[in-house]
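Between the sequences and the hints, there should be enough to build the whole structure, so can you do that?
These protein sequence lines are chains A and B, in that order. Going by full-length UniProt numbering, the residue at position 393 of the first sequence is 393; the numbering climbs one at a time, nothing skipped. Going by full-length UniProt numbering, the residue at position 93 of the second sequence is 93; the numbering climbs one at a time, nothing skipped.
Simulated from the structure, these hints should not be mistaken for lab results. Incorrect hints may appear among the rest.
Think about it this way: if two alpha-carbon atoms lie no more than 30 Å apart in a straight line, the pair counts; the simulated DSS-like pairs of lysine-lysine are [as the list claims (entries may be wrong)]:
hint, chain 1, residue 1, chain 2, residue 2
1, B, Lys54, A, Lys113
2, B, Lys35, A, Lys224
3, A, Lys35, B, Lys224
4, A, Lys54, B, Lys152
5, A, Lys93, B, Lys35
6, B, Lys113, A, Lys35
7, A, Lys35, B, Lys152
8, B, Lys54, A, Lys152
9, B, Lys93, A, Lys35
10, B, Lys35, A, Lys152
11, A, Lys94, A, Lys113
Protein chains: 2
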Amino acid sequence: MQSEYRPIRVALLGAGSVGAQVARLLIENREELAKRVGAELQLVGVAVRDTKAKRGAEIPQDLITSDAESILTGADIVIELMGGIDPAYDLIKKALNSGADVITANKALIAAKGNELIDLAQQLGAQLYYEAAVGGAIPIIRPLRESLAGDKINRVMGIVNGTTNYILDQMDSKNVDFQSALKEAQVLGYAEADPTADIEGFDAASKAAILASLAFHSDVPVEKVHREGITSITSAQIQTARQAGYALKLLAIGERVDQGLVVRVHPTLIPLNHPLAAVRGAYNAVFVEAESAGRLMFYGAGAGGKQTASAVLGDLVSAAKRHLAGGPGLASSTHANLNVLPVQSTRTRFQITLRVSDQPGVLASIAGEFAAQNISVETVAQSVPGDGEPAAVLTIMTHIASEGDLEKVVESISKNKAVVSVESVLRVEGI
Amino acid sequence: MQSEYRPIRVALLGAGSVGAQVARLLIENREELAKRVGAELQLVGVAVRDTKAKRGAEIPQDLITSDAESILTGADIVIELMGGIDPAYDLIKKALNSGADVITANKALIAAKGNELIDLAQQLGAQLYYEAAVGGAIPIIRPLRESLAGDKINRVMGIVNGTTNYILDQMDSKNVDFQSALKEAQVLGYAEADPTADIEGFDAASKAAILASLAFHSDVPVEKVHREGITSITSAQIQTARQAGYALKLLAIGERVDQGLVVRVHPTLIPLNHPLAAVRGAYNAVFVEAESAGRLMFYGAGAGGKQTASAVLGDLVSAAKRHLAGGPGLASSTHANLNVLPVQSTRTRFQITLRVSDQPGVLASIAGEFAAQNISVETVAQSVPGDGEPAAVLTIMTHIASEGDLEKVVESISKNKAVVSVESVLRVEGI
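In structure tokens:
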């Protein structure tokens with residue numbers, strides 16, 4: 001196709017697993033992309049840390065440089081796939097200031113500096129796209145930002161980290177312990193050598209901040225996201241939950257409460273018939289509850305070079321079309337300015353598992369502690385202690401209660417003489 | 001908020017269940033919408049068929065008129081929610097010609113005239129939005145059109161009609177027959193008094209044409225969509241399928257094949273562990289398989305006044321922002337120009353259920369018929385005939401075969417003397 005337009009100059013920062021796939025698709029699908037955009041997309045340079053590193057044949061050698069700033073000059077669109085804050089943050093600001101639109105898959109950067117960069121882009125009449133930063137290939141940013149722009153979202157709840165979902169799913173379906181499941185995830189490449197960012201919930205917290213910020217049009221600093229990882233979860237816990245009709249998932253949750261928002265990442269019980277319970281392996285899904293639209297779910301591969309590259313190319317086609325025709329500037333995404341409240345403002349159901357000494361009056365004593373904080377108990381299940389075991393296991397499911405009140409109960413219960421230990425406190429969602 | 005822009009004038013054609021909700025949300029959420037858009041959205045008129053009809057308080061009486069053309073004049077954005085081809089088609093053309101952007105939820109019109117209207121809008125520098133035409137509140141048009149714009153979609157497969165999914169789900173979970181389930185759906189308002197459009201698959205065929213047209217960038221006339229309804233499905237069939245590990249769903253499927261596309265709507269067996277199998281009640285979901293993105297699913301309420309209004313308002317915010325700032329014109333959506341082939345070009349698995357006389361050599365004779373067309377049989381299950389019943393039931397599952405070859409087998413089998421009747425032929429997807 002001959003186009004009336006000059007080629008659109010695309011600079012690529014980073015050539016890891018996502019960057020290599022983006023370069024390959026740009027080159028392999030050159031003609032088809034030109035038809036979709038209405039002008040050719042020309043890859044003008046690929047900035048890498050080490051120009052001597054071994055890499056596949058996807059990227060023409062003459063486009064590779066270690067001088068990232070040099071390829072920003074004259075670029076119409078800059079794709080940042082380096083990850084991390086430095087130097088990505090400075091390079092994106094330079095690119096925006098030089099008049100380019102920017103596409104990034106950098107969740108850490110968007111969670112930390114997203115609103116600042118969006119404001120900068122808005123002032124400059126440029127665009128910042130980051131569909132690939134959350135949920136890999138799953139279109140979730142655009143639906144939140146555009147499709148639901150006329151609705152009021154009350155809650156976003158997602159499985160946004162494939163590594164932890166894979167680990168929990170293995171512990172569930174194969175009854176293996178956390179360490180074995182983690183090791184297998186590392187062998188398969190689902191988990192990093194240092195898995196901290198995934199298993200401690202840091203990655204999910206970044207994504208929770210991004211999703212909540214978009215859904216509620218508010219500034220959600222990642223430091224205000226309550227975060228718990230999955231390292232203390234046992235496969236026995238998961239099996240017990242399944243028998244009771246629940247799946248145990250690491251969820252990222254953002255929701256409106258009375259005075260603002262609560263945003264939190266933690267292991268969560270959800271009913272087995274909830275759509276999120278069926279999300280297996282390394283898949284991701286984001287569940288949205290909106291006032292008019294009702295319940296929506298977006299499901300797909302949350303990571304992977306090819307998958308993330310698909311989201312980057314979707315943004316690239318949008319950016320290129322806008323480049324040709326102009327288009328609406330970004331509205332400031334924080335006009336609602338809701339406060340992000342501490343996790344104690346959460347109201348939900350809780351499941352508390354206790355080891356208690358097997359003697360008369362224990363149940364009444366524990367029940368009294370809940371009543372004292374006005375927390376209503378829905379069910380109590382007591383397991384008979386095994387031979388020679390002095391302690392029974394008590395599993396208590398509450399009605400909806402405030403997390404602040406629940407914390408007080410747990411504190412006082414843990415001092416109760418009949419209580420040997422508080423085994424776990426899990427939040428229950430999706431009922 | 002004071003805006004530097006004059007209000008954006010919005011005309012509404014139609015005030016049924018969706019229109020009334022759109023009017024309500026526009027008025028109730030005036031301030032919030034103004035913040036999101038950057039200018040006020042002013043409802044300037046609501047065209048209705050009968051101005052005397054009783055309606056809720058959502059719509060100010062002085063905005064109501066029976067003269068649709070009169071409110072087009074001076075409108076910046078026209079929302080068409082009348083349904084049907086006439087007069088919606090003419091009014092949309094008039095609106096586009098007068099310089100307005102148009103939003104519609106009219107699936108019949110988009111399936112029949114969508115590409116023509118998109119081309120017209122493109123020539124005029126206007127936009128046509130129709131997120132609400134498929135999947136109610138589920139954002140599916142925008143993800144296909146934008147998020148996956150840089151990817152290659154190989155298959156779209158959806159539960160796109162809530163009425164039939166509700167009926168099949170009731171037949172499945174409550175073991176009721178088709179007529180009872182239909183009657184209940186009518187009582188609950190899920191099915192119309194005349195349910196033909198739903199139960200015969202016409203509604204799903206319109207949506208299949210729209211989805212396939214977008215996914216494959218090709219012109220997909222609704223007449224070329226192979227269509228079968230659910231009226232001949234029995235609850236025994238659904239129960240038997242479930243025992244064998246399958247759910248029976250009415251699916252709309254579009255897929256690339258060797259020489260083009262096949263687009264079809266028919267009852268389908270899918271494995272119970274497939275994400276689409278878990279879509280219950282009147283919910284809808286669209287499953288997409290793309291070369292880079294892999295498997296994606298979009299899930300939510302497929303109908304309902306409020307839900308559809310949410311999708312319309314999402315389009316309205318996009319249209320209003322574009323109105324303020326300009327934006328990329330619509331690319332012609334049919335540049336790939338793939339041929340829509342007859343259903344015989346489909347390659348899939350089939351399940352054939354036969355009543356056969358209970359005598360030696362029957363199985364060999366039937367197996368021979370499949371072998372003669374080079375169709376490989378995966379499993380055969382034979383049920384023992386009941387007391388006094390002369391016929392046994394044979395359930396045959398094939399490997400992947402062409403639908404054309406399968407038709408030949410079915411034709412010759414039905415003439416086989418040992419075959420009492422061909423009970424059903426079902427396609428099996430999602431394995």
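Hints, one by one, checked against the model:
1. Of the pairs offered as hints, the one joining B/Lys54 and A/Lys113 is violated, with about 52 Å between alpha carbons and a cut-off of 30 Å exceeded.
2. In summary, the hint linking B/Lys35 to A/Lys224 is supported, as the alpha carbons are separated by about 25 Å, within the 30 Å threshold.
3. Straight-line distance between C-alpha atoms of A/Lys35 and B/Lys224 comes to about 25 Å, which keeps the hinted pair within the 30 Å bound.
4. Note on A/Lys54 and B/Lys152: the hinted pairing holds, with a Cα-Cα distance of about 28 Å set against a maximum of 30 Å.
5. Between the alpha carbons of A/Lys93 and B/Lys35 the distance comes to roughly 26 Å, so the proposed pair stays at or under 30 Å and holds.
6. Taking the CA atoms of B/Lys113 and A/Lys35, the gap is near 22 Å; set against the 30 Å cutoff, the hint holds.
7. Straight-line distance between C-alpha atoms of A/Lys35 and B/Lys152 comes to about 13 Å, which keeps the hinted pair within the 30 Å bound.
8. Distance check on the hinted pair: B/Lys54 and A/Lys152 sit about 29 Å apart at the alpha-carbon level, within 30 Å; holds.
9. Pair hint B/Lys93 plus A/Lys35 holds up; C-alpha atoms about 26 Å apart against a cutoff of 30 Å.
10. For the hint linking B/Lys35 to A/Lys152, the alpha-carbon distance of about 13 Å falls within 30 Å, and the restraint holds.
11. The hinted pair formed by A/Lys94 and A/Lys113 meets the criterion: a straight-line CA distance of about 14 Å does not exceed 30 Å.
In terms of the numbered hints stated before, the structure departs from hint 1 and from no other.
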